[in-house]
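J.: From first to last, the protein sequence lines are chains P and S.
Numbered by this note's numbering, the letters in the first sequence go through residues 32 to 200 in order.
Numbered by this note's numbering, the letters in the second sequence go through residues 224 to 401 in order.
Keep in mind that the hints were calculated from the coordinates and are not lab data.
A portion of the hints provided could be inaccurate.
[What the hints assert, rightly or not] For lysine-lysine, the following DSS-like pairs were computed, each having C-alpha atoms within a straight-line distance of at most 27 Å:
| # | chain 1 | residue 1 | chain 2 | residue 2 |
| --- | --- | --- | --- | --- |
| 1 | P | Lys148 | P | Lys186 |
| 2 | P | Lys148 | S | Lys228 |
| 3 | S | Lys226 | P | Lys193 |
| 4 | P | Lys39 | P | Lys97 |
| 5 | P | Lys194 | S | Lys226 |
| 6 | S | Lys226 | P | Lys186 |
| 7 | S | Lys228 | P | Lys46 |
| 8 | P | Lys97 | P | Lys50 |
| 9 | P | Lys148 | P | Lys193 |
Computed from a predicted model, the values in this text were never measured in an experiment.
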Amino acid sequence: MSDSNDIKLAANGDKHAFKRLYERHVRGVYGMVFRLTADRSLADDLVQEIFVQAWQSLPKFDGRAKFSTWLFSLANNVGITEMRKQTRWFKRNERAVEFNTKEEADSTTLDLGELDKLIVQLPEQTRQVFVLHALQDYSHQQIADMLNIAEGTSKSQFFRAKKMMQEWL
Amino acid sequence: MSKNKEQQLDALIARHRSDPDGIEPPESLWDGIEQRLQAQTTERHDNSHRTWWAAGGGALAASLLAVAVLVGYNGTQSGTAKAPYESPYYAAAAQMISTQAQQVSALQSGYKLAGLEQNDEQLATQLQQLANARQSVLEALASGPGNAQQLELLRWINEQELALLEQSYQQKPTLKQI
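Take these sequences, add in the hints, and give me the full structure.
T.: Here it is in structure tokens:
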């Protein structure tokens with residue numbers, strides 16, 4: 032069954048259809064969230080929240096964008112918003128500016144690709160800037176607004192991320 | 224920094240952008256989502272239930288009118304009717320009504336034992352309307368071969384009766400004078 036059929040069914044309350052949508056898209060959403068958080072437990076919580084919000088918002092989905100684009104946009108909004116609610120996120124961001132050492136990411140038991148193995152080692156803010164800019168096409172100005180940092184900070188964090196990852200290759 | 228490593232990283236990024244890798248989540252993730260969806264559905268159902276009954280006798284009467292129309296319509300569709308009381312639908316309906324009577328009796332006894340009584344006139348009227356609707360369905364089943372839709376209507380009427388009783392005791396409990 033296609034996404035469009037399942038979207039219609041799920042928007043009318045069909046949980047089986049929503050589960051099919053979940054099964055088709057969860058790997059992409061989980062990957063995106065895990066790259067931003069590098070924390071399995073937090074990624075689990077956020078992905079659950081994202082799909083619950085997707086279920087609630089499905090009746091408003093008008094089909095103008097691809098479902099995956101809509102879902103990823105929702106995932107990004109929920110991910111960043113929820114992360115910002117957490118005090119430890121701010122603490123980590125401060126720490127990220129101070130240290131250049133590799134962070135030990137909670138990625139045990141996850142099957143990560145070569146790029147992901149590098150990404151999860153980046154400090155928090157450096158990683159978020161890299162993921163949002165290099166992989167999700169956000170501009171530095173948009174990232175600055177999202178993360179509440181200066182545009183220049185976003186640019187320098189991106190430069191730093193690339194340098195660090197090149198060193199680790 | 225060698226040019227080679229820069230190109231290597233750029234190649235990894237380009238590959239990811241053209242075909243983003245997903246990451247397999249833990250298997251139990253869906254269970255948590257499903258539980259939250261279920262909780263929301265139950266809450267939504269409860270709210271709509273309250274709203275429905277809060278609308279009062281008008282809503283109930285309108286719904287029961289729809290039941291009467293459906294029963295009447297189905298009752299006249301019986302082309303090759305079996306003799307009354309032979310239909311398996313009728314037998315199932317009789318069983319459902321008997322079970323319902325026991326459930327209603329047990330529910331009312333329970334509330335009375337807890338010192339609660341309900342002397343609401345509107346409640347009595349609505350219960351009577353439900354009883355009339357149930358009787359209409361039963362008569363329609365007795366006069367034709369019956370169908371699953373009629374049983375479904377009966378089930379719906381029974382559910383409304385139980386919900387109405389529970390709701391009335393929960394919303395307007397009156398302590399019995401001892």
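J.: Which of the listed hints are not met by the structure?
T.: 7
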